[in-house]
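Colleague: Residues per chain, in single letters:
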Amino acid sequence: MFCIVKLMTSRSIGEFELAVLLCVNSLGDDAYGASVRRAVSQRLNRDCSVGAVYTTLQRLEDKGLVKSWTSDPTPVRGGRSRRCFAMTGAGNQAIRGAQTTVRRLWSDHGLRWSGSQ
Amino acid sequence: MIPRVFDVVLAGLSVDSETREVIIGDLVEEQAEFAATLGQSFANRWLISQVLRSLPLLTHQRLRAGGPPVMMKAVGAGLVALLTMLVVSSASAAVFFAAFSEEALVRFAIFAFAIDLGYGVIGGYLAARLARVAPLVSSLSCGILAVVFTVVASGGAVPEWYALALQILLIPAAMTGGWLRARRLVTQR
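Note that the protein sequences, when read in sequence, are chains B and R.
For what it's worth, this note's numbering labels the leading residue of the first sequence as 1, then goes sequentially.
For what it's worth, this note's numbering labels the leading residue of the second sequence as 1, then goes sequentially.
These aren't lab readings, by the way, just hints derived from the structure by calculation.
Small disclaimer: the values here were computed from a predicted structure and weren't measured.
One thing to keep in mind: the hints can contain errors.
[Claimed, not checked] Chain B is faced by these chain R residues, among others (derived, beta-carbon under 7 Å):
#	residue
1	VAL15
2	ASP16
3	ILE23
4	VAL28
5	GLU29
6	GLU30
7	GLN50
8	SER54
9	LEU58
10	GLN61
11	ARG62
12	LEU63
13	GLY67
14	GLU102
For each residue, glycine too, the CB sits at the ideal point set by N, CA and C.
Please work from the sequences and hints to get the whole structure.
Modeller: As structure tokens, then:
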């Protein structure tokens, strides 16, 4: 039981992690550091730092919610590679879990949940 | 210029070369996009802001990922480097005292001060070399330990400004040593 609790705790995600995870999911094949940073900045309406995005992506990868691989170097980046990201099955479950939690919290307050089903 | 400096700082925090490459690649790519749409000066300001805001987070992540072993290695290497520099500087001080009178030493205090700062740089480099992890953190620990030592052990015939200036400049001197080591790691890649 303690193992299950530990697993649930390690898989739980915060607000910024959820935003990054959702952006990785919505960007699909085009999810890499800079594109994720831009998407998160747009959604949260603030300029996020590349350090915040990379440390979060690293945490999500440690939790098994995203996977990453390095692309070939490109000239537009001065011959440097990109680190591409994709959401895993566990990441998908984490998003759904976060959605369920928020919905439950809203219903506990007697307010109607207006998020997409 | 800025991406290169950032590369050295990240190497100084023991961020692996692949991660450094992708982070700096992202910054270079976005900077070029901003330069094309909003102008070079905005793009440069954006880049500097990104670097300054990212550093504390990346430093925290590296130290947290490394845990106590990294900090212990950094402090241990700083201590060994400080002890080595104390032996070397004591030997050179003994030579100076044997060769010159005390008045002459006070007159040439600025010269002795420059030598002590040089020892600070070498100490920082040595700490960074010995620790093998997070060169900038190791050299910082060496600098802090050196300042503590000068606070405890200052006195004697040296002018008042000497100890104070040493306490202010020893940490930057040691960090310069760590910086040189980190730059070497980048060029060795």
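Colleague: Next, verify each hint and record whether it holds.
Modeller: Verification of the supplied hints:
Interface hint at VAL15(R): violated, since its Cβ lies 10 Å from the closest Cβ of chain B, which is beyond the 7 Å cut-off. For ASP16(R), the interface hint is violated, since its Cβ never comes within 7 Å of a Cβ in chain B; the closest pair sits about 11 Å apart. The beta carbon of ILE23(R) comes within 6 Å of a beta carbon in chain B, closer than 7 Å, and the hint placing it at the interface holds. The interface hint given for VAL28(R) is met, as the beta carbon of that residue sits about 5 Å from the closest beta carbon of chain B, less than 7 Å.
Interface hint status for GLU29(R): upheld, as the beta-carbon distance to the closest one in chain B is roughly 5 Å, under 7 Å. Annotation: interface hint on GLU30(R) holds; nearest CB of chain B at approximately 5 Å, less than 7 Å. A least Cβ separation of about 5 Å between GLN50(R) and chain B falls short of the 7 Å threshold, and the interface hint therefore holds. Taken as an interface hint, SER54(R) checks out: its beta carbon lies about 3 Å from the nearest beta carbon of chain B, inside 7 Å.
Hint on LEU58(R) holds. Least Cβ distance to chain B is approximately 5 Å, under the 7 Å limit. Taking 7 Å as the C-beta contact cut-off toward chain B, the hint placing GLN61(R) at the interface holds, the least distance being around 5 Å. Given hint, ARG62(R) at the interface with chain B, is violated; its Cβ is 10 Å from that chain's nearest Cβ, farther than 7 Å. Taken as an interface hint, LEU63(R) does not check out: its beta carbon lies about 12 Å from the nearest beta carbon of chain B, beyond 7 Å.
Below 7 Å, beta-carbon pairs count as interface contacts, and GLY67(R) has none with chain B, the closest being about 14 Å; its hint is therefore violated. Evaluation of the GLU102(R) hint against chain B yields a violated restraint, the C-beta minimum of about 52 Å exceeding 7 Å.
Consistency note: the structure conflicts with the earlier hints numbered 1, 2, 11, 12, 13, 14.
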